[in-house]
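Sequence order for the protein chains is A and B.
Throughout, our numbering is defined as the position within the first sequence, counted from one, plus 1445.
Throughout, our numbering is defined as the position within the second sequence, counted from one, plus 1445.
Please keep in mind that the hints were generated in silico from the structure rather than gathered at the bench.
Among these hints, one or two may not hold up.
The list cannot tell twin chains apart, which means a pair is met if one copy fits it or any two copies do.
[What the hints assert, rightly or not] Calculated lysine-lysine pairs in the DSS-like style (CA-CA distance at most 25 Å, straight line):
no., residue 1, residue 2
1, K1836, K1627
2, K1627, K1725
3, K1760, K1723
4, K1760, K1770
5, K1836, K1626
6, K1870, K1626
7, K1870, K1627
8, K1770, K1709
9, K1921, K1836
10, K1709, K1598
11, K1921, K1687
Each chain, letter by letter, is given below.
Protein chains: 2
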Amino acid sequence: MIMAVHSKKFSVHWFPPLLLLFVMAFLPATQSKMPNLDVFRKSRMVNPSAAKPSSTSKDDLQTFFYTQTLDHFNYRPESYTTFQQRYMINFKYWGGVNSIAPIFVFLGEESSLDDDIESIGFLTDHAPRFNALIVYIEHRYYGKSVPFESWEKSFQNTETLGYFNSAQALADYAEVIIDLKKNLSAEFCPVIVMGGSYGGMLASWFRLKYPHVALGALASSAPILYFDDITPHNGYYSIVTKDYREASESCHDTIRESWSEIDKVASQADGLSVLSQKFKTCSPLNTSFELKDYLDSIYAETAQFNRPPENIVNKICDVIDGAPKGTDILSRVFAGVVAYMGNRSCYDTNYYNYPTQGYFGWRWQTCSELVMPIGRGSNDTMFPSSPFDLKNYTKSCQDLYGVPPRPHWITTQFGGHDIRLVLQKFASNIIFSNGLKDPYSSGGVLANISDSIVAIYTNEGSHCMDLYQASAHDPKWLVMQRQLEIETIKGWIEKYYVELAAANQDNPAEPSQN
Amino acid sequence: MIMAVHSKKFSVHWFPPLLLLFVMAFLPATQSKMPNLDVFRKSRMVNPSAAKPSSTSKDDLQTFFYTQTLDHFNYRPESYTTFQQRYMINFKYWGGVNSIAPIFVFLGEESSLDDDIESIGFLTDHAPRFNALIVYIEHRYYGKSVPFESWEKSFQNTETLGYFNSAQALADYAEVIIDLKKNLSAEFCPVIVMGGSYGGMLASWFRLKYPHVALGALASSAPILYFDDITPHNGYYSIVTKDYREASESCHDTIRESWSEIDKVASQADGLSVLSQKFKTCSPLNTSFELKDYLDSIYAETAQFNRPPENIVNKICDVIDGAPKGTDILSRVFAGVVAYMGNRSCYDTNYYNYPTQGYFGWRWQTCSELVMPIGRGSNDTMFPSSPFDLKNYTKSCQDLYGVPPRPHWITTQFGGHDIRLVLQKFASNIIFSNGLKDPYSSGGVLANISDSIVAIYTNEGSHCMDLYQASAHDPKWLVMQRQLEIETIKGWIEKYYVELAAANQDNPAEPSQN
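Only chain A is shown next, with the shape it has when bound in the complex (with noise of 0.2 Å):
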């Protein structure tokens, strides 16, 4: 759920801070020397009293992996090669096949279970009152389900990395899914897949594709429309600008103002070691473009996330908008820096030297289909331009692996373009779940398409808030958001089982069908 800040100077920094800032979320800032995403981990840690007991509890999880075919679109004697994918059952809620009760999967993104599984509170909050089995499906080439040897192998090169894709995935989920439910006798249980962000749109197309295997998705904050032209470039900054100056306009224009005055700085003789003492960088900086990368990158990441009772992005517009009258700019930068990073003996700003392995799969991820064309003009932002180009894009990703991205395959694969009118009469039960504050929510369904394709959004929520443990803190716009969600989701089921349950009954006249 955790789909990465995006990359925005593709062609110059690589993927700036990409999913590896939120797998870093679940570890001490001191191991992982990345900046800690405190907002995650505080809200995960206040008062855990008033956690709900169904949170998930690693004793309630039983692991198992399936043997996964290497390619399902292809039979070439390489695609027979199969893999160990790793997944996780919570049976506690269940009510078993007798009930036909349902079973909620979430569909695995671009991490290892491991670092999600214990944030993602949504389906065992909930799976009591459904009385719901609970499954987790690992992603292929993440955590613990790399096709090849190791993960050092099956990131080689394209050879290797070719296989690693959306529909390859769903495929997985597909014959996952249908494995379980046979096992356990359980083919009429209904299923809910359910992910968020690069999951979340694994959940929308899950059902699109597979309608056969899930009855119904959530997909939380899934920007299933940014690609192509759908949605505008400059959607996700927009919206980072917008919350910002939401939370003050006088931060908003300090902000937007920094970056010549960076320039102007690095442009004097000895500048950049100006700069590089005044944001107490742990190495000298080599370009005023690093700096202004990593602000960027906590400017960003701060609205993608922003939550009460943090409230992270308020709490950096206080300190810049409240520093002694007459501080300078950068000053007062910095001591956003500061509120947000904490108080460090330095900053670094270089964190890719230190990259995950999620890092790595979504860099091959985004380099071949999910090109999102996330880009900035000269003034539409509080940010320097910084357009999307798809020439230099598929220039680095061609030198970075020897074959280019394929553009235009999401949209020709799964659609995008006029998506309530392809939809309005075709498909049903997604709910498309967004905060409008997450940056990624500017590529996301924010209208209902259907009566049974919904969007269910908040105005103040971030990214996937929707999918994290419930608790006592939470805003009531939060717990009205997952109220209605659940409600919808139950609205599925007990449609399923009358139609179910009329299809039993059925005796039409011939010819017929079972």
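Given the coordinates of chain A, work out where chain B should sit on it, guided by the hints.
Below, chain B without anything else, positioned relative to chain A:
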């Protein structure tokens, strides 16, 4: 549209009267050295003046080639290989972009477009009424659309054949149609895909998987339920049996008795030679199975393609029944062969001595993913027992290609089990058309699934009759079937225009979706 009579003794004798029979329909019998499907040729040639002026003419067709991607679901360097996929367009009736006139797309099946295009009259017969553009797209690995240098190289081994499957073919079609619409600025022109038999399966699957590319599908004689255990194995031969029994109970009885009679003669000294003489085989029979298989394929294909005014099943039964009193069973059966094949100096029971390219293509497809478990028990048809044995089937394919089939992949990918339950609230705009005398109708969708996923069948029809060019000799029920199909498609398109107009007038409150 001309999906082959399937293989019944799969592990023993490879794919008896497969596709090639129907390719054969377009070749003079003398050239083919194979049974000549008079039923096709005659009905196309009788009284050509009765054909509508809208019928397909090669003069109206323009041929194009699309640079197609070898593997849509993989990013290995080899996946990026491209090949030239053939498609043809008839612009004659098109109303153009300004009137948002529809596009009829014929999805190629297991044969060269050259073999199909003249017999598929449905599109040209009805295009004038719709002002429709007509497009025919050839299926990869058939006709001129072979992905490697030559047919031989493409069929060399599993390394080259691996890319030959339905998922890749559907993605091909999506790319061609999207590209074509873009080139014509016809993005909003509604596409209706059409196909018969395997092509009908593809049409229905295409609407299910690519609703953003096709508004609707006409799936003629598409046995999408003849996979896994959805349809009883003996469905196909049960209908062949029923067709013969309905033509004449005594004819059916004679055929039913003939098998043991053949075995009895064969078991005698010099018995095979007696049979060879009796059936005027071009070369001496090696086994009695060879003869039985030949007869089996004749009954199957005549049932599959029985149609007025020839009504070949009745014609065969007339001579079987009409032989002078006292005529022995085998002479009667041979008279049936002559009635179908015509008077010949000899009858070639080994016509797989001359396999076509289509034969090899279909053999691969049925040996990889299109595993249709067609068999029969010991007393449930007029044929000798020949149960479908997945183990033997798998072994045969494995021996032939080095890789086993994936017999459950079709239902994993496309569904099929409990189809009404799954699709009644999902998807729309599919016509499943069938003739109940077609043995493949046993695996077809024969009941409405919803208001817009409908079954249109005739009691008298055989395989894919609706797709052929209209003729003055068409029975009323066929005329009505086509009429109902056209009215249904017209309804989809009219609704679409209303929705499109509404979408263009929409000015929904923010946040909105385009």
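To see whether the hints hold, each was checked on the structure:
With identical chains, the CA atoms of K1836 and K1627 are at most 25 Å apart between copies only, with a shortest distance of 20 Å across copies and 47 Å within one. With identical chains, the CA atoms of K1627 and K1725 are never at most 25 Å apart, being 58 Å at best within one copy and 53 Å at best between copies. In this homomeric assembly, K1760 and K1723 come within 25 Å of each other (Cα to Cα) only inside a single copy, at 21 Å, whereas the closest approach across copies is 98 Å. With identical chains, the CA atoms of K1760 and K1770 are at most 25 Å apart within one copy only, with a shortest distance of 18 Å there and 104 Å across copies.
For a Cα distance limit of 25 Å, the shortest separation of K1836 from K1626 across copies, 24 Å, qualifies, whereas the shortest one inside one copy, 45 Å, does not. In this assembly of identical chains, K1870 and K1626 lie within 25 Å of each other by CA distance solely across copies; the values are 22 Å between and 29 Å within a copy. When the C-alpha separation of K1870 and K1627 is checked against a cutoff of 25 Å, the pair qualifies only between copies, where the shortest distance is 24 Å, while the shortest distance within a copy is 31 Å. Taking the shortest alpha-carbon separations for K1770 and K1709, only the intra-copy value of 22 Å comes in at or below 25 Å, while the best inter-copy value is 111 Å.
With identical chains, the CA atoms of K1921 and K1836 are never at most 25 Å apart, being 45 Å at best within one copy and 59 Å at best between copies. Proximity of K1709 and K1598 under a CA criterion of 25 Å is satisfied in neither setting, with 46 Å inside one chain copy and 63 Å between copies. With identical chains, the CA atoms of K1921 and K1687 are at most 25 Å apart within one copy only, with a shortest distance of 22 Å there and 67 Å across copies.
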